[in-house]
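Protein sequence lines, in the order shown, are assigned to chains H and Y. The first sequence runs 63 to 274 under this note's numbering. The second sequence runs 1058 to 1384 under this note's numbering.
For the record, the hints were derived by calculation from the structure and aren't laboratory data. Virtual Cβ for every residue (Gly too), placed ideally from N, Cα, C. Do not rely on the hints blindly, as some may be mistaken.
[Said to hold, decoys possible] Which stretches of chain H does chain Y cover? Using the computed rule of at least three CB atoms under 8 Å from a CB of chain Y, they are: (1) 132–144; (2) 174–182.
[Claimed, not checked] According to the in silico footprint, chain H covers these stretches of chain Y (three or more CB under 8 Å from chain H): (3) 1157–1166; (4) 1180–1186; (5) 1349–1358.
[As the list claims (entries may be wrong)] DSSO-like cross-link-like pairs, simulated, lysine-lysine; straight-line CA separation at most 30 Å: (6) Lys237/H to Lys1109/Y; (7) Lys248/H to Lys133/H; (8) Lys202/H to Lys242/H; (9) Lys1141/Y to Lys1333/Y; (10) Lys1082/Y to Lys160/H; (11) Lys1238/Y to Lys1281/Y; (12) Lys202/H to Lys215/H; (13) Lys1333/Y to Lys248/H; (14) Lys1082/Y to Lys248/H; (15) Lys152/H to Lys1281/Y; (16) Lys1141/Y to Lys133/H.
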Amino acid sequence: MGDMTDYSPDESNKSKLGTTRRGFLSQLGVAGASLTLAPLLVRAAGDSQKGEDIAAAPAEITSVSLTINGKTQVLNLDSRVTLLDALREKLGLTGTKKGCDHGQCGACTVLADGRRINSCLTLAGMCEGAEIVTIEGLAKGEQLHPMQEAFLKHDGFQCGYCTPGQICSAVGLVKEGHAKTDAEIKELMSGNICRCGAYQNIVAAIKEVQNA
Amino acid sequence: MEPFKLIRAQDNLQAIHSAGIKQSKFIAGGTNMLDLMKLNIETPRQVVDINKLSLYKIEEMPDEGVRIGALVKNSDLSYNPFIKTHFPMLSEALLSGASPQLRNMASTGGNLMQRTRCPYFYNTDFACNKRLPGSGCAAINGYNRMNAVLGTSDQCIATHPSDMCVALAALGAIIYVQGAKGIRTIPFADFHLLPAQTPHLEHNLRQGELITHIEIPALPFAAKSHYLKVRDRASYEFALTSAAVALDVQNGIIRQARIALGGVGTKPWRSLDAEKALIGASATESTYKRAADLALATANPYKDNAFKVELAKRTLVRALKTVEGLS
Ligand SMILES: Cc1cc2nc3c(=O)[nH]c(=O)nc-3n(C[C@H](O)[C@H](O)[C@H](O)COP(=O)(O)OP(=O)(O)OC[C@H]3O[C@@H](n4cnc5c(N)ncnc54)[C@H](O)[C@@H]3O)c2cc1C
Ligand code: SF4
Ligand code: FES
Ligand code: FES
């Protein structure tokens, strides 16, 4: 047998922390806030037909333990709740934005175990043991993350709606280390749409952090 | 979204057992499954989360083939040094798909199983034989610019959307699946099904069968290979046409060739006819054009997608020229 590379999340965490994430959590005894959440998502009024379907099929509750911005939480959620909705609606972390809700815009980008992902296409229940960092978790107290500073300095936004996703995505991009040229930065930031067209300044902000 | 029970499987057998019942579905990255569940196109009662299974390895075989775990993320696979050197077309195909965030989520197995992006399949207000067998096909007489020209039937003309699968078709990958009755392998060409009269049947997996690995047999000349994707915008967009090409040229003569097309077929479209036309011929543009004509010979265009026939030929010729230029 030749070489083998293991890309399992636990392996990457091992190299990062010197201990597995699962081991780390069990050391903590999965302490942290426990939230019991309303079992049903609120349905839009007037959606009566769907409402009946739901009455017929009761919601299923999933319990999940995950770390959000350094704080380990146990959430009891309707299994349908996405990571995005859990962050925004249940935990009040409204920095992460909902644009399309279908993986097509990048507004919901967060970091999961250090990697940028779309929180709208992730079930909260699939994040057992994950370490999530949102835009709220990037700054250290009053000290902004270098990427936040760079976005400010280079005017990397206009209305700001896409910005939390852009910043989290940019942090992920720098860590991945595959974007060297402007063209590569643009290509590897293409998962974040900016309706205001702040793209040039976003590229400038990312280059500043890369060169720091 | 309909309510469902989420089961976090800890090993293959538990996953297979849990998914053995009807209305049960695996979820890996979730990028296709959850998308379709939100639209009530997929309505599983039970969702089996397979992300804790140990299927994250890329193993290089002694003969230079490779075995890829079903949960390896599209991003990890695309940047893997062995893949980049030995099968560059696969790396390029992956990097041309979706976005960096989605590639960080999407798994090898899930990519293989992703469903069509036909707009009528996605919109439950329209007839669609794939979504609701027997309801009709809104695309055949509708707006069908993105639809297929190869392998279509009078029941469905939806394209297979995957870029990765086009490269795997060209490379002749083998799919390893595990079910309640054990392990079996499926050659790539037999994995996806043509729509024929049953467009809702898309692949050869049985209920509860889990894709565990994909093997790419050694193919030394694929070190010179390329994936070219043509689309409406420069990035983050599905293919209008694409071509995965590998060539072995010696002294101006083509010794071996692999050709597959994307964006035009109802499944990832390997063209053995085009390969045959290339092998033994001189590596010239006229040879490439002849191969491209053969690859599209059975094309059956519709109202809005006739342009794909010529575009696919040009895509293939350009990809062949690019590979010829690699040395
Ligand atoms: C906005 C957007 C743009 C995109 N653009 C592109 C593009 O340009 N090119 C492209 O190729 N793709 C594109 N994609 C599709 C993307 O590549 C797929 O959604 C992804 O590969 C699916 O992988 P997943 O792990 O997320 O699968 P999931 O969504 O988890 O699952 C998909 C299906 O696979 C089944 N499944 C998953 N793993 C297994 C297994 N091991 N065994 C058996 N069954 C399994 C599931 O049951 C489900 O039916 C895009 C997606 C989005 C949302
Ligand atoms: S082409 Fe296929 S997927 Fe699209 S509407 Fe027709 S039957 Fe449905
Ligand atoms: S809200 Fe998730 S990608 Fe648009
Ligand atoms: S700043 Fe307005 S959408 Fe990007």
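Here is what the structure says about each hint:
1. Closer than 8 Å: that is the beta-carbon criterion, and the region 132–144 of chain H has 4 residues meeting it against chain Y, so the requirement of 3 holds.
2. Residues of the region 174–182 of chain H lying with their CB closer than 8 Å to a CB of chain Y number 4, which satisfies the three-residue condition for coverage.
3. For the region 1157–1166 of chain Y, the stated coverage by chain H holds: 5 residues have a C-beta nearer than 8 Å to a C-beta of that chain, and at least 3 were required.
4. Against chain H, the region 1180–1186 of chain Y contributes 0 residues with a C-beta closer than 8 Å to a partner C-beta. That does not satisfy the three-residue criterion, and the hint is violated.
5. Look at the region 1349–1358 of chain Y against chain H: 0 of its residues bring a Cβ nearer than 8 Å to a Cβ of that chain, fewer than three, so the hint is violated.
6. Of the pairs offered as hints, the one joining lysine 237/H and lysine 1109/Y holds, with about 24 Å between alpha carbons and a cut-off of 30 Å not exceeded.
7. Note on lysine 248/H and lysine 133/H: the hinted pairing is violated, with a Cα-Cα distance of about 33 Å set against a maximum of 30 Å.
8. A C-alpha spacing of about 27 Å is found between lysine 202/H and lysine 242/H, which places the hinted pair at or below 30 Å, so the restraint holds.
9. For the hint pairing lysine 1141/Y with lysine 1333/Y, the CA-to-CA distance comes to about 26 Å; that is within 30 Å, so the pair holds.
10. Between lysine 1082/Y and lysine 160/H the alpha-carbon distance is near 26 Å, which keeps this suggested pair within the 30 Å criterion.
11. For the hint pairing lysine 1238/Y with lysine 1281/Y, the CA-to-CA distance comes to about 39 Å; that exceeds 30 Å, so the pair is violated.
12. A threshold of 30 Å between alpha carbons decides the hint, and for lysine 202/H with lysine 215/H the separation of about 18 Å falls inside it, so the pair holds.
13. Taken as a hint, the lysine 1333/Y and lysine 248/H pair is broken in the structure, with Cα atoms around 39 Å apart against an allowance of 30 Å.
14. A threshold of 30 Å between alpha carbons decides the hint, and for lysine 1082/Y with lysine 248/H the separation of about 36 Å lies outside it, so the pair is violated.
15. For the suggested pair lysine 152/H and lysine 1281/Y, the alpha carbons sit about 51 Å apart, so the restraint of at most 30 Å is broken.
16. Only pairs whose Cα atoms come within 30 Å are accepted, and lysine 1141/Y paired with lysine 133/H is rejected, the gap being roughly 38 Å.
Checked against the numbered hints above, the structure breaks hints 4, 5, 7, 11, 13, 14, 15, 16 and satisfies the rest.
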